[in-house]
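Chains A and B, in that order, are what the protein sequence lines are. For the first sequence, counting from 1, position 178 maps to 178 in my numbering; every step adds exactly one. For the second sequence, counting from 1, position 1 maps to 1 in my numbering; every step adds exactly one.
Simulated from the structure, these hints should not be mistaken for lab results. The model shown is predicted, which means the values in this text are computed figures rather than measured ones. Misleading hints may appear alongside valid ones.
Claimed, not checked - Which stretches of chain B does chain A cover? Using the computed rule of at least three CB atoms under 8 Å from a CB of chain A, they are:
| hint | segment |
| --- | --- |
| 1 | 1–15 |
| 2 | 192–199 |
| 3 | 203–211 |
Note that beta-carbon positions come from the ideal geometry of N, C-alpha and C, so glycine has one too.
Next come the chains, spelled out residue by residue.
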Amino acid sequence: MAPRPRTVDQPAMEDRPSGKVVAPLGKDLVGLEYLSPDQLRMILDTAEPFKEVSERQIKKVPALRGKTIVNLFFEASTRTRISFEFAEKRLSADTVNVASSGSSVSKGETLVDTARNLEAMRIDMVVIRHGSSGSAKFLGDRIRSNVINAGDGKHEHPTQGLLDMLTLRDKFGRIKGLKVAICGDVLHSRVARSNIWGLTKLGAEVAVCGPATLMPRDIESLGVTIIPRIEDAIQWADALNILRLQLERMTSGFIPSLREYNRVFGVTRDRLDKAPKDLVIMHPGPMNRGVEIDSDVADGEHSVILPQVTNGVAVRMAVLYLLAGGSPDWAEGGER
Amino acid sequence: MSAILLKGGRVVDPSQQHDGVADLLLIDGKVEKLGRNLGAPDGAEIVDMSGKVVAPGLIDLHVHFREPGQEDLETVATGAMAAVAGGFTSVCAMPNTDPVTDNQAAVGFIVRQAQRAARAKVYPIGAITLGQRGDKLAEFGEMVGAGAVAVSDDGKPVVSSHMMRTALEYARTFGIPVADHCEEPTLSAGGVMHEGIISTRLGLKGIPAAAEEIMVARDIILAELTGGQVHLCHMSTRGSVELIRRAKEKGLKVTAEATPHHFSLTHERCEGYDTNAKMNPPLREAADREAIRQALKDGTIDVISTDHAPHHYDAKEREFDDAPNGIIGLETSLGLALTELVHTGLLTLPELITRMSTEAARIFNIPGGTLRAGSAADVVVIDPDRTWVVDPAKSFSKSRNTPFGGTKLKGRVEMTIVRGTIVYKA
Numbered sequence: 001m002a003p004r005p006r007t008v009d010q011p012a013m014e015d016r017p018s019g020k021v022v023a024p025l026g027k028d029l030v031g032l033e034y035l036s037p038d039q040l041r042m043i044l045d046t047a048e049p050f051k052e053v054s055e056r057q058i059k060k061v062p063a064l065r066g067k068t069i070v071n072l073f074f075e076a077s078t079r080t081r082i083s084f085e086f087a088e089k090r091l092s093a094d095t096v097n098v099a100s101s102g103s104s105v106s107k108g109e110t111l112v113d114t115a116r117n118l119e120a121m122r123i124d125m126v127v128i129r130h131g132s133s134g135s136a137k138f139l140g141d142r143i144r145s146n147v148i149n150a151g152d153g154k155h156e157h158p159t160q161g162l163l164d165m166l167t168l169r170d171k172f173g174r175i176k177g178l179k180v181a182i183c184g185d186v187l188h189s190r191v192a193r194s195n196i197w198g199l200t201k202l203g204a205e206v207a208v209c210g211p212a213t214l215m216p217r218d219i220e221s222l223g224v225t226i227i228p229r230i231e232d233a234i235q236w237a238d239a240l241n242i243l244r245l246q247l248e249r250m251t252s253g254f255i256p257s258l259r260e261y262n263r264v265f266g267v268t269r270d271r272l273d274k275a276p277k278d279l280v281i282m283h284p285g286p287m288n289r290g291v292e293i294d295s296d297v298a299d300g301e302h303s304v305i306l307p308q309v310t311n312g313v314a315v316r317m318a319v320l321y322l323l324a325g326g327s328p329d330w331a332e333g334g335e336r
Numbered sequence: 001m002s003a004i005l006l007k008g009g010r011v012v013d014p015s016q017q018h019d020g021v022a023d024l025l026l027i028d029g030k031v032e033k034l035g036r037n038l039g040a041p042d043g044a045e046i047v048d049m050s051g052k053v054v055a056p057g058l059i060d061l062h063v064h065f066r067e068p069g070q071e072d073l074e075t076v077a078t079g080a081m082a083a084v085a086g087g088f089t090s091v092c093a094m095p096n097t098d099p100v101t102d103n104q105a106a107v108g109f110i111v112r113q114a115q116r117a118a119r120a121k122v123y124p125i126g127a128i129t130l131g132q133r134g135d136k137l138a139e140f141g142e143m144v145g146a147g148a149v150a151v152s153d154d155g156k157p158v159v160s161s162h163m164m165r166t167a168l169e170y171a172r173t174f175g176i177p178v179a180d181h182c183e184e185p186t187l188s189a190g191g192v193m194h195e196g197i198i199s200t201r202l203g204l205k206g207i208p209a210a211a212e213e214i215m216v217a218r219d220i221i222l223a224e225l226t227g228g229q230v231h232l233c234h235m236s237t238r239g240s241v242e243l244i245r246r247a248k249e250k251g252l253k254v255t256a257e258a259t260p261h262h263f264s265l266t267h268e269r270c271e272g273y274d275t276n277a278k279m280n281p282p283l284r285e286a287a288d289r290e291a292i293r294q295a296l297k298d299g300t301i302d303v304i305s306t307d308h309a310p311h312h313y314d315a316k317e318r319e320f321d322d323a324p325n326g327i328i329g330l331e332t333s334l335g336l337a338l339t340e341l342v343h344t345g346l347l348t349l350p351e352l353i354t355r356m357s358t359e360a361a362r363i364f365n366i367p368g369g370t371l372r373a374g375s376a377a378d379v380v381v382i383d384p385d386r387t388w389v390v391d392p393a394k395s396f397s398k399s400r401n402t403p404f405g406g407t408k409l410k411g412r413v414e415m416t417i418v419r420g421t422i423v424y425k426a
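Using the sequences and the accompanying hints, generate a full structural model.
In structure tokens form, the structure reads like this:
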């Protein structure tokens with residue numbers, strides 16, 4: 001009988017160079033669930049000096065010079081992909097973008113084969129966006145390069161969670177004790193999960209608000225409160241993180257119509273005016289104006305939606321830098 | 001004449017309420033005699049069984065052997081070999097082959113392949129509907145004539161209640177059970193694991209327990225309406241157990257099975273997106289696992305079946321969403337049952353043999369499950385205290401997809417005899 005292929009018990013990484021420096025975050029960034037509060041703080045602190053790099057005339061530091069990074073995007077993305085690419089370029093890395101359409105993926109190549117072929121070209125890092133939950137971990141377990149999750153299915157979007165936390169910390173000076181309500185389609189949201197893990201680990205109180213059809217089973221066990229009505233969430237919270245409502249949720253029957261969604265769950269000026277204090281408004285984008293968020297809220301004075309985008313680049317620079325083995329001491333300016 | 005004398009083992013045969021040290025004499029493929037200090041005829045092979053358990057060969061009512069159609073995953077021959085290595089002398093093969101086992105020629109093909117293999121006996125299960133498509137009844141009578149012992153649309157639940165009613169009524173003519181995979185497809189659509197705290201954390205689409213229980217309830221109601229015999233495959237939830245318990249109290253002809261993975265594992269096993277923990281029905285919660293164990297104790301669940309489902313290494317080496325359901329189970333079933341059910345003090349050894357042999361023969365009305373004089377010499381020899389570590393690479397199956405690799409089990413098959421021939425020795 002011919003020898004069989006070995007099963008999963010054979011590590012694909014057994015030829016990993018033994019002298020590799022283990023970065024303070026480990027090899028991969030798969031999700032915030034797997035990071036300690038200290039690691040989360042380290043990333044946020046490291047992001048502080050990187051904010052300044054993007055404000056310079058010459059937006060470039062040599063931290064990742066000579067490193068090769070592949071941005072492997074199996075799902076359409078504008079903001080996240082460009083944000084990662086800016087972060088990589090401002091750290092002087094060499095970058096290649098691979099989209100699923102027009103690549104070998106569209107010819108039926110498996111994820112692991114795609115990654116192994118890329119790795120055979122001697123790359124250092126892979127940033128992956130994929131529609132299946134667990135795909136970033138799957139990849140990280142099978143290749144030697146560092147893997148950064150840029151969104152895997154409904155699981156996590158850790159750099160989004162980090163940039164949301166950085167933005168809240170900028171605004172309030174702290175995260176501990178903040179009341180943050182995550183509003184909308186929590187069921188299908190990787191942003192919600194990363195926010196819940198990151199914020200609760202750093203001592204914030206987190207609530208979720210939205211239609212019961214869009215709430216995941218047993219979500220309370222992640223340490224969050226369910227607030228069924230948006231009016232009550234607005235009364236309670238210091239900040240709202242308003243999730244994008246995917247338009248296909250209506251066609252698949254989770255909600256009857258976008259119009260009703262806006263009437264019952266939309267964050268509107270009228271509703272915010274009844275709040276006891278001014279709420280900080282966040283949205284991971286892209287927004288459906290007039291559905292989950294009204295334009296005058298999105299464009300209002302308490303909206304930090306654009307600062308979120310700015311912080312996205314700094315946070316991703318910090319993550320890339322730390323995973324590449326960079327020292328967090330570089331971040332002395334960011335201590336808070 | 002060929003003769004084997006199994007001497008001095010603990011003979012456990014629930015069909016005769018026998019549990020004690022005895023000799024078992026097998027002659028020409030039949031049980032000749034069970035008794036003390038039996039003499040061996042000239043030329044008989046005498047095997048010392050001291051310290052071992054001798055029992056009727058195990059019977060598995062639910063396996064997938066992939067032949068015809070996917071012979072790279074399993075064949076009737078390799079599956080029948082894996083079966084005897086797991087102590088099974090008879091198995092029932094589900095019809096989800098390619099083409100589907102939905103006619104007498106297809107049934108006859110499996111019967112013939114099993115005869116050629118000459119390992120475990122393989123009894124085909126015919127499809128309920130042509131192509132398992134759920135719309136046109138298959139020829140039960142012709143299939144039974146060719147050797148089918150039950151009908152099932154297997155992994156395709158019989159969605160139409162009218163079709164299920166028709167199948168139950170029509171099957172009565174032939175005295176065969178209708179085995180159903182209970183899954184309400186609009187509730188389970190897109191689901192890849194149990195719906196609960198773990199699916200929420202992993203961001204995977206869940207399958208609620210209700211998807212199974214709704215169909216269990218429907219099938220029980222239809223069994224009452226028709227008087228047909230429904231066999232509920234791989235029960236996984238505490239709610240299903242409750243429904244079956246009530247149906248049995250009413251005296252309905254409802255039987256049920258549970259798999260070793262559902263009495264051993266819970267949905268926590270999906271952590272890390274391990275595709276070897278992906279099955280349908282999915283691994284459930286600890287309370288469900290406990291209910292399944294208690295149901296095996298009190299007989300609410302009649303039998304242990306493996307749902308042996310071979311898949312290629314590449315197919316499981318994928319994103320969790322895209323990996324196929326199921327695991328191989330024939331060679332780990334007895335070890336898991338002894339470890340999880342008997343050595344924990346829940347079941348006695350005779351109770352386990354009842355669930356893995358005697359009752360299985362009874363509810364599918366197939367030979368075996370007994371060591372009575374004159375019955376087929378299908379025997380398993382077990383060392384209930386021998387510990388071993390599951391090594392998928394040593395499996396006789398063509399596939400390796402098991403979550404139990406590296407698991408230490410207590411209790412192992414020492415020898416399997418089919419029709420009086422020793423077909424496996426550890």
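Consistency of the hints with the structure:
1. 1–15: With 0 residues in contact (Cβ-Cβ under 8 Å with chain A), the coverage given for the segment 1–15 of chain B is violated.
2. 192–199: With 4 residues closer than 8 Å to chain A, the segment 192–199 of chain B meets the three-residue bar; holds.
3. 203–211: Answer holds; 5 residues pass the 8 Å Cβ test.
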